[in-house]
Amino acid sequence: MIPAYAYLWLSGILFTIGAVGVLIRRNPLVMFMCIELMLNAVNLSFAAFSRYLNSLDGVAFAFLVITVAAAEVVVGIAIIVQVYRAGRAMDVDELDLMKE
Amino acid sequence: MIDLSAVHIDYQTVLPELVVTGTIVVVLLLDLVVPPDRRRWLAVVSVVGLAIALIASIPLWGQHRSAFADTMAGDSFAAFFNVLLLAVTILTVLISPRYLRCVHLDFGEYYALVLSAAAGMMLLAAATSLMTIFLGIELLSLALYVLCSFSRLQEHSQESGLKYLLLGGFATGFLLYGMALIYGATGSTTLLGIRAFVTSSPGTNVLLLLGIGFLSVGLAFKASAAPFHMWTPDVYEGAPTIVTTFMSVATKAAAFAAVGRIFVATLPSLEAQWYVPLALIAVLSMSIGNVVAITQSNLKRLLAYSGIAHAGFIFLGILPGTTDGLAASLFYIAAYAAMNFGAFAVVTALDAKGEHADELTYWTGLFYRRPFLATTMTIFMLSLAGIPPTVGFFAKLFVFQALVTAHLWIPLIVGILTTVISLYYYLRVIVVMVTVPEGAPVEREGVGLPMTVVVGLSALGTTVMGLVPQVFGWALQATRF
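Residue numbers (our numbering), protein chains in the order written: chain F, 1 to 100; chain X, 1 to 481.
Since the hints were derived computationally from the structure, they do not count as laboratory data. Treat each hint with caution, since some may be false.
Among chain X residues calculated to face chain F with C-beta under 7 Å, some are [said to hold, decoys possible]:
1) Y145
2) L165
3) D234
What follows is a set of in silico ranges between Cβ atoms, one per label pair, in the way DEER data are often shown [claimed, not checked]:
4) X/H156 / F/L56: 44 to 52 Å
5) F/V30 / X/M230: 15 to 23 Å
6) X/P36 / F/A89: 45 to 53 Å
7) X/F107 / F/I66: 29 to 37 Å
8) X/F107 / F/V81: 12 to 20 Å
9) F/D96 / X/I410: 34 to 42 Å
10) X/V291 / F/I24: 46 to 54 Å
11) X/H356 / F/A89: 19 to 27 Å
12) F/I13 / X/P36: 50 to 58 Å
13) X/C102 / F/R85: 19 to 27 Å
14) F/A78 / X/R101: 18 to 26 Å
15) F/I17 / X/H156: 31 to 39 Å
16) F/I13 / X/Q470: 51 to 59 Å
17) F/A60 / X/A196: 18 to 26 Å
Here are a few chain F residues that sit away from chain X, every Cβ distance over 12 Å (derived from the structure) [what the hints assert, rightly or not]:
18) M1
19) L8
20) A41
21) A47
It should be emphasised that the depicted structure is a prediction, and the values quoted were computed from it without experimental measurement. All residues carry an ideal CB built from backbone N, CA and C; glycine is no exception.
Build out the structure end to end from the sequences listed, making use of the hints.
Take a look at the structure:
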């Protein structure tokens with residue numbers, strides 16, 4: 001059987017990949033995908049802890065996260081598409097109308 | 001295993017949230033049948049719903065209810081925040097129709113979204129479980145992402161929404177990871193369970209501390225406290241001004257409700273561990289907010305940085321880890337709500353009429369064009385600066401007093417010094433408004449009855465609230481968990 005800490009390490013690695021991705025990638029769509037990766041890493045943690053603690057709270061939490069992530073995608077993609085439609089570059093460094 | 005028979009459905013605890021949610025549905029359905037030129041009726045329906053929810057919140061005062069398997073609380077703390085958040089939302093909705101018509105954004109979805117955000121904030125204020133805290137934060141955030149980019153053909157608004165979405169999602173990731181670690185360390189998702197674990201097993205638990213750290217990042221982001229404040233100026237500037245008015249006050253209040261419940265009500269025994277990071281957040285917020293605000297020439301950005309600084313001041317009351325300190329924070333939040341809402345409402349009133357009304361140059365000689373708005377703005381600026389006898393002075397006094405009682409000198413000194421610095425930019429706004437403008441005076445236009453009433457009420461609250469000792473008594477009672 002795979003020990004619980006292996007899942008936690010994997011979750012930590014996935015979360016780090018997602019976080020680093022948000023910081024270094026400049027395409028909003030890719031950044032958004034990286035955020036989703038972070039959320040899924042969290043789900044893995046919840047599932048692993050849930051199994052390890054023998055409690056269902058973590059699994060229930062993971063379901064909530066999945067639902068909320070889906071809602072966030074709906075809102076997020078709509079906003080990103082709107083920016084794209086305005087004919088603007090898909091690069092967050094170019095979105096600097098308000099820098100001082 | 002979860003025992004479903006133990007889950008007691010207590011509708012009274014969630015009645016205010018239920019009323020607001022019901023109003024969302026009603027507004028969305030009405031939007032289908034109401035002709036476009038009668039959309040102001042949606043505002044009326046929203047206000048009625050919010051007012052009913054406000055009345056439904058009052059019976060929660062003085063109670064100690066815990067509902068839905070300890071995930072929601074019906075107590076004075078929730079009632080305090082419900083009343084505050086609902087009052088702010090009602091005032092926002094009252095001044096919305098005229099502003100939305102002026103900027104051609106008169107859509108029914110706006111009211112549904114504002115109500116959703118309000119429902120999320122109320123849920124957050126009543127949440128006593130990591131799950132409900134998460135759901136509250138997401139409900140308010142998702143609605144606000146859309147509201148920020150509501151002026152969807154305007155590039156500033158799109159950019160504002162996109163930035164808030166990406167950085168907000170990033171912060172949510174940290175918040176959730178923190179929650180997962182706390183769950184793993186304590187085996188519980190309810191604050192009661194976490195508190196029981198922390199008190200029964202003292203000693204350093206690295207997993208738990210790491211979790212609390214990540215959770216604080218997410219909450220500090222929502223409260224727009226430094227060093228997680230980068231999004232604030234851009235989002236506040238780009239969003240429609242009415243949305244900025246709403247979110248700058250309500251989101252911060254709701255975020256601090258969660259901070260209070262987590263740190264003061266649940267983790268007071270770990271105060272030695274969380275004191276330094278939270279003190280750093282407070283000190284950084286006050287310093288960065290107040291210093292950078294000096295260089296701003298755009299009023300929305302100036303108020304954004306001022307808001308970051310005030311988040312730092314509110315954090316000061318959390319630092320002692322006592323309920324008396326938290327009461328000072330609560331009073332500060334109420335004071336901040338009155339004065340900051342008022343200030344942004346004045347910006348909204350001008351923004352509805354003029355191009356670039358948020359640039360400080362537009363405000364030159366405002367006293368001669370709009371004496372009422374300029375006078376009330378002066379009151380708000382004096383209060384934000386903390387000058388007696390306005391409520392801003394008493395708010396600062398109470399948090400400083402909490403620090404003195406707890407012998408926390410370094411945050412206190414930074415707080416006083418940055419208050420002095422902040423005088424410069426708040427007074428500069430007043431100086432700009434009294435400067436005699438060159439050229440012919442622009443013709444005077446009314447701002448409408450709702451705006452006059454709302455700005456007047458905010459100004460009244462700002463001047464009177466500090467002189468009424470009961471308000472601080474309410475804050476004290478609200479923190480008796």
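Hint check results:
Taking 7 Å as the C-beta cut-off, the interface hint given for X/Y145 holds, the closest approach to chain F being about 5 Å. For the restraint placing X/L165 at the interface with chain F, the shortest Cβ-Cβ distance is roughly 5 Å, inside the 7 Å limit, so the hint holds. A distance limit of 7 Å between C-beta atoms decides the matter here; for X/D234 the minimum to chain F is near 5 Å, and the interface restraint holds. Evaluation of the 44 to 52 Å hint for X/H156 and F/L56 yields a pass: the beta carbon distance comes to about 46 Å.
Between F/V30 and X/M230 the beta carbon distance is about 20 Å. The supplied range of 15 to 23 Å therefore holds. Distance hint check: the CB atoms of X/P36 and F/A89 are about 35 Å apart, inconsistent with the given range 45 to 53 Å. At about 30 Å, the CB distance of X/F107 to F/I66 agrees with the hint of 29 to 37 Å. Distance hint for X/F107 and F/V81: a CB-CB separation of about 18 Å, consistent with the stated range 12 to 20 Å.
Distance hint check: the CB atoms of F/D96 and X/I410 are about 36 Å apart, consistent with the given range 34 to 42 Å. Taken as a hint, the range 46 to 54 Å is violated for the pair X/V291 and F/I24, whose Cβ atoms sit roughly 29 Å apart. Judged by the Cβ atoms, the range 19 to 27 Å given for X/H356 and F/A89 holds: they are separated by roughly 25 Å. As the Cβ distance of F/I13 to X/P36 is approximately 53 Å, the hint placing it in 50 to 58 Å holds.
Between X/C102 and F/R85 the beta carbons are some 25 Å apart, a value that agrees with the proposed interval 19 to 27 Å. The hinted range of 18 to 26 Å is satisfied by F/A78 and X/R101, whose Cβ atoms lie roughly 24 Å apart. Between F/I17 and X/H156 the Cβ separation comes to about 33 Å, which falls inside the hinted range of 31 to 39 Å. The supplied range of 51 to 59 Å is met by F/I13 and X/Q470, whose beta-carbon atoms lie about 54 Å from each other.
The given range of 18 to 26 Å is respected by F/A60 and X/A196, whose C-beta atoms sit roughly 20 Å from each other. F/M1, annotated as away from the interface, keeps every beta carbon of chain X farther than 12 Å; the closest lies near 18 Å. A beta-carbon of chain X is positioned within 12 Å of the beta-carbon of F/L8; the least distance is around 8 Å. Not every Cβ of chain X is farther than 12 Å from the Cβ of F/A41; the closest lies at roughly 7 Å, contradicting the non-interface assignment.
Not every beta carbon of chain X lies more than 12 Å from that of F/A47, the smallest distance being close to 10 Å; the non-interface claim is violated.
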